[in-house]
Amino acid sequence: MKVQRKTLSLAEKLYLPAIFKGLKITLRHMFKKKATMQYPEEHWVVPEGYRGAPYLVRDQHGRTKCVSCQLCEFVCPPKAIKITPPGPQVNPNVGNVEKEPKEFEIDMLRCIFCGYCQEVCPEEAIFLMQDYSLTGESRKEMVYDKEKLLALGGVHNDPIEKWKRKEMEAREQGVG
Amino acid sequence: MDLVSTMVKISGVVGVLLLVVAYMVLAERRISAWAQDRMGPNRVGPWGLIQPIADGLKFLLKEDFTPNYVKQPFFWIAPAITIVPALMVFAVLPFGSFLGSQKMVIADLNIGVLYTFGIVSLGVYGIVLAGYAANSKYPFLGGIRSSAQIISYEIAMGMSVVPIFMLIGEPGLLKSLGGEGGAWAKFLAGTEGLNFSRVVAYQAESLFNWLIFKQPLAFLIFLVAAFAETNRLPFDLPEAETELVAGYHTEYSSMKFALFFLAEYANMIAASGLLVTLFLGGWSLPFLGLDDPATSVLGGVLHILIFMAKVFAVMFLFIWVRWTLPRFRYDQLMQLGWKRFVPLALANIVITAFVLWTVAGGQA
Ligand code: SF4
Ligand code: SF4
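Protein sequences, first through last, are from chains L and Y.
Heads up, the first sequence is in the numbering used here, so the first residue is 1 and it goes up one at a time.
Heads up, the second sequence is in the numbering used here, so the first residue is 177 and it goes up one at a time.
Calculated directly from the structure, the hints in this document are not laboratory data.
Be aware that one or more of the hints could be misleading.
Derived DSSO-like pairs (lysine-lysine); straight-line CA-CA distance at most 27 Å [what the hints assert, rightly or not]: (1) L:K24 x Y:K247; (2) L:K24 x L:K99; (3) L:K79 x L:K148; (4) L:K13 x L:K32; (5) L:K79 x L:K146; (6) L:K146 x L:K164; (7) L:K6 x Y:K234; (8) Y:K390 x L:K21; (9) L:K13 x L:K34; (10) L:K21 x Y:K234; (11) L:K13 x Y:K515; (12) Y:K247 x Y:K234; (13) Y:K185 x L:K13.
Chain L with its partners taken away, still in its complex shape (with noise of 0.2 Å):
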């Protein structure tokens, strides 16, 4: 097959109008707005639904939403979570309503913020949260345990609030 080549004009041969050219979208691009974010000073807003660092979340009444049914433990495809249920000895702060875990360990070295503790959660005690630059300076430091997930999860509001009414009646029926 034989390639069309195009004739070129005059000005095209001489080469020249097309530096210039070239030169004057440089030139433009010099003193555009510069793309770069400067990192630890700016952050990236993540956009909504972005999959980060899985919290564990309270109530609206401080109630630690977990209740330590270690689905999401068992669903882990890495293996990240590890839970201590509490055993068989009631809360007399809540009252015999549910148990919530002794100890909740998350590796932050080992997730992989797939997302499936947060599907997986019969409670929606679990989000995964907009952080995506989790530092420390040694593994153990990146293990994050239950009191550092609740804090760094924060509130979520609970619209049904199931076990408040269970608490009441239990209160009632003088088992709490």
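Following the hints, complete the assembly by docking chain Y with the ligands onto the known chain L.
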């Protein structure tokens, strides 16, 4: 006394030169970043101004690795051979008029331009030697390419400046500049034909005497040849990363690599200095009384600053072009050099000669 003043001038020029080289690297990085909508290094010190020192420290502290298959003596001497000519070009460039009674040029050679071309072509030995000594294929190819490129473009470059010296060789140059006893007479005392001071003198009077306007073709050829001689994009084939890793300095590390790096920038500054002196009026400005050699210290300092400002402007052009144009193919480079620029430069010489002959009234 003469020796002392020369030593002072040399140390001054070399000091400023090395400082400018260091900051050129920063400027290159910042400007390239701007052209790509980035910020560039801005963390070390205000606006990144301490960055060159950090870079230098890094080079000093890195391991100076010598592969054991290289030809050691050549491997070691090549960086030095590269950087020395780059610094020596400045010896003949008038970077100012007078400071006190001192003429601001290190060596006022009457063969100025020949000296420059001689020294510039020495620079290629370092590169070839580096490529040869590394005993590995990429540096070798880089060295070969570099020598071919520099030798080819030197011809076009040399011929492009011939018309300039035909113009300034006109008799009566001094007379048009105020005659005997004036500041110019003192400045040009003892100079002849190929001296750079005369080039500046020729251009000082008015903007239209600048040789960029009188010899635009020569300027263009010289400019492009300067890009080729300094191995800058779009002609940086000796170190074409995609094909040759890093070209002739692939096997170098630490301060030896830094010397090549600095030599490249020093060459660039030298080429800019030459360009400014030959085509852009040197240290003079055709207004505000800055066109005559300075009689006061302030004027002398101003002239030096003007020269530096012009050099910086040309260097900005170098950087700007680098981040605009893609690299040429090797055959295109050679074609441009031999088939376009050499004939053009020759034609330019003939035309200039013809015009001068006509103006002189057609007499021999
Ligand atoms: S996001 Fe995925 S990997 Fe991370 S803790 Fe939850 S289930 Fe495990
Ligand atoms: S976070 Fe949710 S899924 Fe995991 S143990 Fe607690 S309640 Fe169960």
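Hey, L:K13 versus L:K34, does the alpha-carbon distance stay inside 27 Å? Not OK: L:K13 and L:K34 at ~35 Å, beyond 27 Å, violated.
Agreement of Y:K390 and L:K21 with the hint, judged by alpha carbon distance not exceeding 27 Å: 25 Å, holds
Holds or violated: are the alpha carbons of L:K79 and L:K146 at most 27 Å from each other? 16 Å, holds
Pairwise hint evaluation, Y:K234 against L:K6, where the allowed Cα distance is 27 Å at most: 51 Å, violated
Proposed proximity, Y:K247 with L:K24 (alpha carbon, max 27 Å): 46 Å, violated
For L:K21 and Y:K234, compute the direct alpha-carbon distance and say whether it is at most 27 Å. Given that 27 Å is the threshold and the Cα spacing comes to 38 Å, the pair is violated.
Run the distance test for L:K13 versus L:K32: straight-line Cα separation, threshold 27 Å. At roughly 31 Å apart (the allowed maximum being 27 Å), L:K32 and L:K13 break the hint.
L:K146 and L:K164: Cα distance at most 27 Å? Since the Cα atoms of L:K146 and L:K164 sit roughly 22 Å apart, the hinted pair holds (cutoff 27 Å).
Could you grab the alpha-carbon distance between L:K13 and Y:K515 and see if it respects the 27 Å cut-off? Within the cut-off at roughly 14 Å; holds.
Holds or violated: are the alpha carbons of Y:K185 and L:K13 at most 27 Å from each other? 47 Å, violated
Would you mind confirming whether the straight-line C-alpha gap from L:K24 to L:K99 stays at or under 27 Å? 69 Å, violated
Quickly compare the C-alpha distance for L:K79 and L:K148 to 27 Å and report which way the hint goes. Holds. L:K79 to L:K148 sits at ~19 Å (cutoff 27 Å).
Checked against the numbered hints given earlier, this structure breaks hints 1, 2, 4, 7, 9, 10 and 13; the rest are met.
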